[in-house]
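Engineer: Construct all of the structure, not just a fragment, from the sequences and the given hints.
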Amino acid sequence: MKEFGYQRVFDVPGAVALLGADPEARCLGGGTNLVDLMKAGVERPGLLVDVRELPLDGIEFTKGGGLRIGATVTNSDLAAHPEVRRHYPALAQAVLAGASGQLRNMATVGGNLLQRTRCGYFTDLARPCNKRTPGSGCSAIEGEHHNHAILGASSHCVAVHPSDMAVALAAFDAVVHYETADGPGELPFAEFYLPVGDTPHRETALPSGALITGITLPPLPVAATSRYRKVRERASYAFAIGSVAAALDVRDGIVNDVRLALGAVASRPWRALAAERVLTGGPAGAEAFAAAADAELAAAEVLPHNGYKVTLMRNLVVALLTELAEEAAR
Amino acid sequence: MALSTSSAITLNINGEKHALPVDHRTTLLDALRERLDLTGTKKGCDQGQCGACTVLIDGRRAVSCLQLAVAAEGREITTIEGVADGETLHPVQQAFLDLDGYQCGYCTPGQICSALAVIEEHAAGWPSAASADVRPEAGVPPLTPEEIRERMSGNLCRCGAYVSIVEAVARAAAVHEAGSAQGIGTQGIETPGLEAGAAGSVGTEGAA
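In order, the protein sequences belong to chains H and U.
Heads up: the first sequence begins at 351 in our numbering, then just goes up one per residue.
Heads up: the second sequence begins at 747 in our numbering, then just goes up one per residue.
If you are wondering where the hints come from, they were derived from the structure by calculation, not from laboratory data.
Treat the hints loosely; a few may be bogus.
List time: in silico SDA-like cross-link candidates among lysine to any residue, alpha-carbon distance up to 25 Å [stated by the list, open to error]: (1) H:K389 to U:T785; (2) H:K389 to U:R895; (3) U:K789 to U:N760.
Okay, the calculated bits of chain U under chain H, using three or more residues with CB under 8 Å as the criterion [said to hold, decoys possible]: (4) 778-787; (5) 832-842; (6) 867-880.
Derived, one-sided and incomplete: chain H residues facing chain U with beta-carbon distance under 8 Å [claimed, not checked]: (7) E353; (8) Y356; (9) G381; (10) V392; (11) R394; (12) P395; (13) L397; (14) D400; (15) T412; (16) R436; (17) S586.
Virtual Cβ for every residue (Gly too), placed ideally from N, Cα, C.
Structural biologist: Structural data, given as structure tokens:
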């Protein structure tokens, strides 16, 4: 591991001053991903700015009735919070589906958003990886890629985003708030993660030196009937090979409102807008659910070893929407 | 400006203060084992994947291999050496002993520290991925074997002693519940801040 400086910060202006002055500075939240990548030599910061003492650890209602979640709220506190569980249950379920109890106690909301892919080539310094070393090539396309992207990838990178939490945030139209030396800013979730294109090393639209201060969730009545379903290669404590966050409001058998996002299929949490358009105003039944999944997955491009994900995601979407519809009918 | 890459820190471990200089790269795990002779905490994968190095930080379980020592300054750390009350084993330790919740024993300190926290987290009403309904109205399900397996999934046991580990955690949880019902509380370990949503109390956010 490369040597580095360490500075604990207690207020946001102090943090953004340090981050803005040193391009090699990185925020240290729980460190569950960053410290691991530093040990591997993938991350080589010159300065760690420890943000855990910042006054950003609260969850509160916004004036409009949504929720504001501070950047240093731990994953555990987010998932345990009664208002999160009541108004956005799929978000609590998504967080609980990720990592382990130990890691959720350490990991923060801001860090979760910025975690890096678990593509094995990203951490293998002996192999080319465009995300780690731009221009070096992608080892996964002709190598090990059974858990790689089927949507929105490029010939430069086929890695998937590992976060469960972010899938629920994508479904619920979260907004990411940040602060730089020039003042505050915000990014709608749909614009937070950048398309892969030929710059897989550039993952977010955050300006240089920005500190994530929190996220806001809009008031979203349909989110109260939401659910997160994750498929992985063992029963617990593993990254997804496919996941779905869904919220559904059915009235008289007709889909009044729906939110759908897919995980482990793309370089970013994948909001399934095409599927939502098919569903909205139509019947809440298995045929319509399958048609919606097909509409979203029509754009899928598979590699030799990840084609199963198309079937998996179709089945997951249909199963989860069916569960929510049956629950609404009771 | 040349940044210092080391710091003189004081770690609060099992109620005792330890002053030591550390290279910033030092993990809490390495500080405990290599610098402070607290070798009860074990190094398994050193990547946050096995849970052997689990300790309690401010009452919450954490993997000490991904925790930088310098960032642990000012926090209360409990290791396996601080779990028993003198010669009297903690009920979780006693349950692991009575029910053979181990074979080689290498993962056991981490399993026990994790189990202590699992029982407190459950008592505080935290749901898990095994809970069918996470909405607060649903309440928290009992600590069934399925719940214990999910909540303990961050601790691997290469000997495969899981069957006995689940039984030991269940027994310790029952002892804890009986103790709580009689108002005698739990022995030894302080676990503050575990009320559901404690750190996220509505309306407490300070910054704009």
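Engineer: State for each hint whether it applies.
Structural biologist: Here is how each hint holds up against the structure:
{"no.": "1", "hint": "H:K389 to U:T785", "in the structure": "holds (22 Å)"}
{"no.": "2", "hint": "H:K389 to U:R895", "in the structure": "violated (30 Å)"}
{"no.": "3", "hint": "U:K789 to U:N760", "in the structure": "holds (19 Å)"}
{"no.": "4", "hint": "778-787", "in the structure": "violated (count 0)"}
{"no.": "5", "hint": "832-842", "in the structure": "violated (count 0)"}
{"no.": "6", "hint": "867-880", "in the structure": "holds (count 10)"}
{"no.": "7", "hint": "E353", "in the structure": "holds (4 Å)"}
{"no.": "8", "hint": "Y356", "in the structure": "holds (5 Å)"}
{"no.": "9", "hint": "G381", "in the structure": "holds (6 Å)"}
{"no.": "10", "hint": "V392", "in the structure": "violated (13 Å)"}
{"no.": "11", "hint": "R394", "in the structure": "violated (12 Å)"}
{"no.": "12", "hint": "P395", "in the structure": "violated (11 Å)"}
{"no.": "13", "hint": "L397", "in the structure": "holds (6 Å)"}
{"no.": "14", "hint": "D400", "in the structure": "holds (5 Å)"}
{"no.": "15", "hint": "T412", "in the structure": "violated (11 Å)"}
{"no.": "16", "hint": "R436", "in the structure": "holds (6 Å)"}
{"no.": "17", "hint": "S586", "in the structure": "holds (4 Å)"}
Comparing the model with each numbered hint stated earlier shows that hints 2, 4, 5, 10, 11, 12, 15 do not hold.
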